[in-house]
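Protein chains: 2
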Amino acid sequence: MGGDNAPAMVLDGLEIAATELPGLRYLLFGDRDLLEPLLDKLPRARSVCEIRHTKSVVTNDDTVSVALRSGRESSMRLAINAAAAGEAGGVVSAGNTGALMAMAKFVFKTLPGIDRPAIAGRFPTQQGSCVMLDLGANVDCDENNLLQFAIMGEVYARYALGIKKPTIGLLNIGVEGLKGNEAVRKAATALQETDLPVRFHGFIEGDDICAGTVDVVVTDGFSGNIALKTAEGTVRMFAHFLREAVHSSIPSRLGALLASPALRAFRARLDPSCYNGAMFLGLNGICVKSHGGTDPIGFANAIKVAHKLITDQVNDGIKEDYARFKAAGDKEQEDAAG
Amino acid sequence: MGGDNAPAMVLDGLEIAATELPGLRYLLFGDRDLLEPLLDKLPRARSVCEIRHTKSVVTNDDTVSVALRSGRESSMRLAINAAAAGEAGGVVSAGNTGALMAMAKFVFKTLPGIDRPAIAGRFPTQQGSCVMLDLGANVDCDENNLLQFAIMGEVYARYALGIKKPTIGLLNIGVEGLKGNEAVRKAATALQETDLPVRFHGFIEGDDICAGTVDVVVTDGFSGNIALKTAEGTVRMFAHFLREAVHSSIPSRLGALLASPALRAFRARLDPSCYNGAMFLGLNGICVKSHGGTDPIGFANAIKVAHKLITDQVNDGIKEDYARFKAAGDKEQEDAAG
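If you read the protein sequences in the order shown, they are chains A and B. Residue numbers are given in the numbering used here: position 186 of the first sequence equals residue 186, and the series is strictly consecutive. Residue numbers are given in the numbering used here: position 246 of the second sequence equals residue 246, and the series is strictly consecutive.
The reader is advised that the hints may include incorrect statements.
In this list, chains with the same sequence are indistinguishable; a pair is considered to hold if it fits within one copy or across any two.
Said to hold, decoys possible - Taking lysine to aspartate or glutamate and the DMTMM-like style, the derived pairs with C-alpha atoms no more than 20 Å apart in a straight line are:
#1 K179 / D62
#2 K179 / D61
#3 K331 / D207
#4 K304 / D12
#5 K179 / D140
#6 K331 / D33
#7 K179 / D142
#8 K331 / E193
#9 K308 / D61
Source of the hints: derived by calculation from the structure; they are not laboratory data. Just so we're clear, the structure is a prediction, and the values are computed from it rather than from any experiment.
The whole structure should be built from the sequences, with the hints applied where relevant.
This is the structure we're talking about:
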């Protein structure tokens with residue numbers, strides 16, 4: 001029931017996913033009276049889903065505490081409960097991000113050793129794409145949070161992007177060791193000294209994200225959210241200026257017509273719906289957040305992200321890596337003590 | 001002597017400025033043996049400048065403390081000294097940002113009531129341009145720093161952009177009152193309650209920067225630097241993808257040829273050299289930082305920024321506004337006490 005054009009957008013996305021991911025089945029949580037008439041026009045979606053009726057919905061205006069307190073019968077909460085009970089492999093929602101994170105954390109709990117879950121998303125780069133986290137779940141982060149994000153992001157990039165040995169960069173305002181706040185400096189030291197076979201690149205700057213300097217961009221949720229949205233706004237401005245330029249004269253319109261297949265391919269490379277579907281990393285369950293303003297193709301992509309993370313068992317990878325990291329740290333402390 | 005292609009780039013920029021800003025004179029601080037042969041080819045630049053010879057130079061690798069301690073005879077320091085002594089109206093440098101800020105702060109001191117100076121720059125938007133600060137001078141900022149940035153940024157936008165009543169936005173990860181860290185929340189409350197006739201828009205998100213939602217974007221130096229560089233990187237990626245698309249086929253090349261005047265105008269709107277020249281706001285003197293990697297046109301733009309700020313007496317505006325703000329605050333405290 002979440003998202004700007006829900007539930008129609010969600011069901012149209014499900015119709016696409018039903019074709020592209022054969023064999024999957026879905027539990028749909030929401031208002032049967034709204035869902036049934038829409039499903040009448042979507043035969044594929046109908047054939048793969050089962051409605052779990054509820055009238056209660058978390059809105060975008062609900063605060064986290066209101067959602068937690070009075071949203072116990074909401075479509076969002078019941079979907080998370082179903083995943084936690086093993087009825088579903090994971091949850092996909094285009095609803096209120098803060099409420100979704102809080103409920104998922106409350107129900108799923110965090111993975112062993114992870115203090116705070118993070119929102120991880122894919123980002124287009126000149127080389128292909130990268131993973132960035134945290135995109136807004138944690139405003140203030142200390143070095144341990146950043147370190148845990150790095151470990152989780154590395155595993156996520158291996159599974160979700162299929163990169164064998166992803167490189168990790170810490171987002172900062174300069175590449176020299178003395179730059180930045182205490183948290184990034186201490187996290188960098190810890191990553192340099194770790195025994196884990198992670199490829200730590202060091203500090204990166206904002207322009208390194210799109211340049212594709214690293215596979216995993218680690219940052220706090222404040223800067224990460226600002227970087228993500230600034231990039232989105234810049235792409236929109238660029239596209240707006242380009243459209244204006246193309247429409248400014250008859251020769252340029254003709255030129256755009258000649259170049260239209262190339263321009264279509266160009267647009268596709270930066271299409272936000274291709275990158276839709278951010279994972280809540282660090283939870284003991286799979287929860288994928290779709291952009292509220294996405295289109296059905298974007299929502300189908302969020303479903304694909306969830307499907308891949310479930311089948312690849314990404315959380316087992318994180319647990320393993322964190323345990324190895326923890327063991328290495330404990331050994332070091334013992335050695336130092338002994 | 002600062003910048004990637006210095007001193008040639010600086011002198012070529014001076015040649016442009018000498019034509020576009022008639023009647024100005026310049027003091028050039030640097031190595032006479034390097035400057036003289038270059039000036040031989042630049043008759044206009046030579047006719048308006050006087051060389052103050054020094055061999056000592058602050059490099060980009062120098063830390064702030066090294067620059068402060070052993071850079072007393074450096075071209076950067078001597079230029080700042082000359083401005084402080086009233087020999088020059090202000091300083092323009094394409095050198096080491098941290099060293100320039102530290103030296104300028106040490107020599108000029110800050111304006112009354114301003115705890116920390118900020119780096120303010122212009123940013124392209126869909127509506128024209130906006131002012132953003134801080135772009136990297138202050139990693140950690142409290143609510144008072146942000147409030148001072150807002151007051152300084154408002155004055156700067158009035159003078160530098162010629163906007164009569166600029167709107168101010170606080171960069172955050174959501175527009176609701178509860179979002180963000182303590183500093184932005186407290187600064188928002190103070191800006192809402194101020195008696196100053198500033199137009200406070202409230203919180204904005206990263207995509208509002210390029211959308212042109214406000215005239216002045218206020219943020220801490222960590223997020224501001226990341227937003228600035230992320231936007232720069234996104235523009236580069238977009239341009240790279242567009243070039244690849246245009247060169248992908250013969251019809252699209254032909255199309256680009258037809259549209260070439262429009263594409264040139266399009267490129268000009270996002271040309272970073274148009275936006276070159278960031279002001280160190282809050283100092284008792286004019287200091288403008290040029291991007292180290294800029295071209296001569298960009299450096300000439302940085303000179304124009306300095307010239308405008310000097311002739312408009314931007315610092316008098318800041319002093320006035322801050323005094324009014326302070327007086328309003330003092331009166332409130334008295335009222336509360338009485």
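Exercise. Hint by hint, which ones does the structure fall short of?
Worked result: 3, 6 and 9
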